[in-house]
Every structure is written in structure tokens, then in C-alpha cells.
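So the sequence lines, in the order shown, correspond to chains R and B.
The numbers in the numbering used here rise by one with no breaks, and the one at position 239 of the first sequence is 239.
The numbers in the numbering used here rise by one with no breaks, and the one at position 186 of the second sequence is 186.
None of these hints come from the bench; they were simulated from the model.
No experiment lies behind these values; they were computed from the predicted model shown.
Be a bit skeptical, because a hint or two may be false.
[Unchecked claim] A few chain R residues that face chain B, going by a derived Cβ cut-off under 8 Å, partial list only:
| # | residue |
| --- | --- |
| 1 | G121 |
| 2 | L232 |
| 3 | V279 |
| 4 | I299 |
Every residue gets a Cβ at the ideal spot worked out from N, C-alpha and C, and that includes glycine.
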Amino acid sequence: MRISLRRGVVLGREGWPLWAGVAVLVAMPVLAPTPYILHVFIVANIYAVFAASWDILSGYTGQLSLGHALFFGVGAYTAGLLSTLVGTPPLFNLFAGAFMAVLVGLLEGVPCLRLKGPYLGIVTLAFAEIAFSLAFALSSITGGEEGIIGIASLVRGSIYIKYYASLIFMLACTLALYALTRSKLGLILLAIKADDAAAEAAGVDTTRYKLLAFLISAFFGGLAGAYYAHYLNIANPETLAIPLSAAAITMTLVGGMGTIIGPVIGAYVLSLFFDLLPVVAGQVEFLTESRVLVYNVLIVLIVLFMPQGIVGWWRGRQAEPEVSSMRADPSRPQAQA
Amino acid sequence: MTASLFFGLLVSGVLIGGLYALAAIGLSLIMGVMRVVNVAHGALYMLGAFFVYTVTVQWGLPFPIAMVVAVAAVFAVGVVVERLIVRPVRHEEVNVLIITFAAAFVLEELAKFIWNPRYKNIPPYIEGNVSVGALQVDQQRLVAFLVAVVLIGILFALIRHTRTGKAIRMVAQDEEAALLLGIHVERLHMLTFGLGAALAAAAAALLGPLYLVYPAMGWNPLLRSFAIVILGGMGSLEGTIVAGLLMGVIEVMTGYFISDRMTTVATFAVLVLIIFLRPTGLFGHPVEER
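Excised from the complex, chain R in its bound form (with noise of 0.2 Å):
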């Protein structure tokens, strides 16, 4: 994976193809006034979020979740019971469910990251699983296989008015997510992905940076959750399931890792091909009962050829010459002391 060192680069530098697909979200409605496809453009607002959380502590820190649907469970079950048995606000639920996100990750978070290695994938695996067997062994609360149904809507009215709300939600989020890599915690970050021990002899508190994505990570992951239950108003152990985990890994490789941008590019280009197309070409059963072999295929080859992303894959073209030498060599073996 390529890391680039240059500072004080601003949100311009993925050029006129960021702005274009700003507008086109932006004008989404007028171009597609159907309420399916912006269905599908809301979901796919959410689950951007959700995969630009995993994104700045796997891909921008690399710090390992293979468990990040625990965030976006954990944040989607906390709104959906204040939600049902409070009566709790929407607005402040969403707070409420980041909020129960960070909680849990200081919980994982504090034993793994001090240790190097393995340890984080497999505790944040287990913590997922842990989660939804919870939700099953715990029916009484969490309403077993079914979830927790009727959980109050986010935003009433119209679905052009939920779609711009998504909208402005992804945006909001993404946009601080981005400027946090962009900041001069970004770069500390960066260089304990780069090189943890040399980060350490610099003098940086690397567990302390590692533990604080950690959390940045799990409170957009929950923030995205509860936002998932406050507009399909249900909380289901789906939300806390391995494929979800999955998509999340899926959505940010195909964008790109690392750029938070890549990400939502992502979520766009794979619920445009899922949810989109097969409706269109009215294939629906194959592709529902295919998505997450396709899926997983698309990490395999994704790690093995194209490691970049399409935002990776951009900004080579962008900057040919000088890139091109930059570039590590994804086959080499990494220097060993």
C-alpha cells in the first residue's frame, strides 16, 4: 500500500471527478425521482459512513477490525431500545449509539492495542460474535431473530427529504473524517501504519494514537448504525453479522484504502451494481443470492492486483512520473530488521 507524505493538500486534489459526483448526488433526485433508487442511494449513504469508520483505523492506521459490525450493531440495538423503550429523540439516539460505540470499543480496544500482531483481528472477530450470539441468547431484550421493530424515523416526510438528510449526514461525516487524516493527527497516524516502532521513537504515544482511532472509528461506526435504525426503523442481529464486517473491508478496497474518500466511492460503485442493476435487468434472485460470494471474490482479487482502489488507481494516473517510483512493491517482502 502506497503512502503519501505530502501535507497541506486540500479536498481538490482528487480533482473534478469528486466535484462531479458531489453535484450528481446532489441533483440525485431530479436525475432519478424514484423512490427505489433512492432507497438505495440512502442506504448506501449509511453504509459509506460505516465503511470510512473502519476505513481511518484499518486503512488509514492500520489498526486490523475484522469485527466492525459490533460498532454499527451496537450503535443501531442502543438507538433502537431508547428508541422503543424511552422514547428518546432520534436525534440525540444517533448520539447516544456513537456514544455506546466508543464504549465498546474501549473495552476491545484497550487489551489489543498494546499488544502487537494478529491480536486485534481475531478480539475484534470474537467481539462480534460475542455480540450476536448475545442478541439471540437475550431475546427478551433485543427481540432475538426479529430485532427491535418500530423504532421511530429519523426524519419524517417525503423520501427526496430523507435522501437529502442521509446526504448531508454522509457528507458531514466523511468531510470530518478527511479532515482528521488531513490534520496533524492524520500524520501521526499514517506513520504508525508505516512504521510503528519508528512512530514510537519519535516520540509518539503510538497506543494512545492507536486506542484514539480506535474510538474515532467505533463512534462513526455506531453514529452510522443508529442512523441505519432510525431510517429502516428496525435493529436486526444482522447488524451485527460477519457479512456486514465484510462489507465494510469490500466497500473500502474497491474505493480505495486509506483516502476515506475511497470508501463512500466504494459504497456508491457496489449498491449501484447490488441493488441497482440487477433491478434494472430484472436479474434480482441471482444477484441477492450472490452479493457476498461476489463480494468476498472482489477482496481476493482487490489484495492480490489491485491493492490501490479506484481512488488509489486515480491519483497514480494523476501523478504518473512520480508516483510510479514511489510505489511499494506489493510482492516484495517487507524489510525484516
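Got chain R sorted already, so can you dock chain B onto it with the hints?
The following block gives chain B in isolation, referenced to the frame of chain R:
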């Protein structure tokens, strides 16, 4: 609570624990020799169970044949997985985790297409109980345990006393030195990975009649195996065995004293606790930075 009840629980815990150890030892072997974490281990276990299902239920052949077929077939799948997707990214830990995670799903989805997502049963291969002292033990569990012990014994003999085993140990200790000595490291990696997969399949076959068979069945054994490997100390095969037995006892006790539904939660809780308290495991040594 009487002593005989406690003893009974202990015995059934150890019996199931032997199979947990067998399921985990392949993962441990791959970690120790190749220094990669194979997240697809559970999916390979699942494939083993499906092959046994096909041979026993669909073809109507006896169980021992089914087990041999399953072990051989999953060995082959393991070799292919190593060659095609693990080897190219082997030096990047994060990529190995991601790609084997994805491979697990690919295998799981393929199983859905080849068989189908419905729950299946493998018929018991031996029925009846046998008395051990005052204790009634399910004969099948006893046989499964004994077969697991024999298989683990064979693995140890292979690693300790054959030339290939020596070479595998060499690769585990120092890959570059092994290369310099003319050992075909990549071929041994393929062999090790295949062997690890085959051991998972053997455990799945022996445990087959005890659990339902379905495409997503591999995730729990995977996480349990992780828990066992970490509990025993990464890279220590002996530690894996002790931790496997211990895990069996813990699960049986949890199931009896708390609730059947909490056994998985207990497994994962052990995993989290051990990482909290002693990440090097019971028998592990702090790994040097390499």
C-alpha cells in the same frame, strides 16, 4: 454437587476437548511454521463436515471412508488456498487476515451453491454407551477422542521423526537459513497449510454427528480454535493440546452450571480474558521482535 457428577463433567469435557485440540492444532501449526493467521480455518472445517455428509448420507458409504475422503479433499483445498491467495501476500500480516477472511466467505458461499443452505445431519457412526467405572460415556465420543489422540500422535511423530518434519521445524525456526540449506520453503508451506486444513477436516468429521452441518458452521470452531491457540501460547503445539482439553472442560461446565446458550459466549470470554491477562498464553514465551 457430588464428586461423581463433577468427575463425569470433567470426563465429558476432556473428551470433547481432545477434538477441540485437534481442530485447533492445524491453526497452531500454520501460525507456528508460516507465521500467518488463517481466518479460513473454520471454513475448511466446514468443508470437511460437508464432504463427510456427501459420502455418508448422499453416497451411502461407511464413515471411515467418508473421513478419509474429507481429509484428503480438504488437504487439497488447503494447498490450493495457500498457493493462490496466501503466498502472494504472506509477508503482509493485515493482507493475510483480510484475504483469508474473504476466502472463508467464498468457501462458505460455494458450499451454499454446491449443497444448500439448509441444516443437515450426519448420522452417528457408533451408537450406544460404554461404562467407564460408574460413568456412562457415549461410545462415539470416546472413539472420536481416541482417534483424535492417535491423529495428534501421528502429527507429532511426523514433525519429530521424519526428514520432512525436520525441514518443517527448520522453516519454523528460520526461514532464510532453511532456504540457504536448500530446503524448498514454499513447498513446505503448501504442505503445512494443507496439513493444517486436513486436521481441521478430521476434527469436523469426528464431531460431525454431534452438530448440525450448514455453511456458516465454521465460525464458532474458528474462534474457539483461536481462543485455544492463544490460551496455549502461539506457536506451541503442546500448549494447544492442553488448552484444547481445558476449553472442553470450561465449555461443559458452563453448559451445565450456567446455560447451554452461554457456552459460545464463555469461549469468547476466555479468549478475551487471556488476551487481557496473559497474551503469551499459558505456555508461550514472549515472542521476540523479528
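Status of each hint after checking the structure:
With its C-beta approaching chain B no nearer than about 5 Å, G121/R sits inside the 8 Å limit, and its interface hint holds. A distance limit of 8 Å between C-beta atoms decides the matter here; for L232/R the minimum to chain B is near 23 Å, and the interface restraint is violated. Nearest Cβ of chain B to the Cβ of V279/R: about 21 Å, over the 8 Å cut. The hint is violated. Because the closest C-beta pair between I299/R and chain B is about 4 Å apart, less than 8 Å, the hint holds.
Violated hints, listed in ascending order, are 2 and 3; each of the other numbered hints is respected by the structure.
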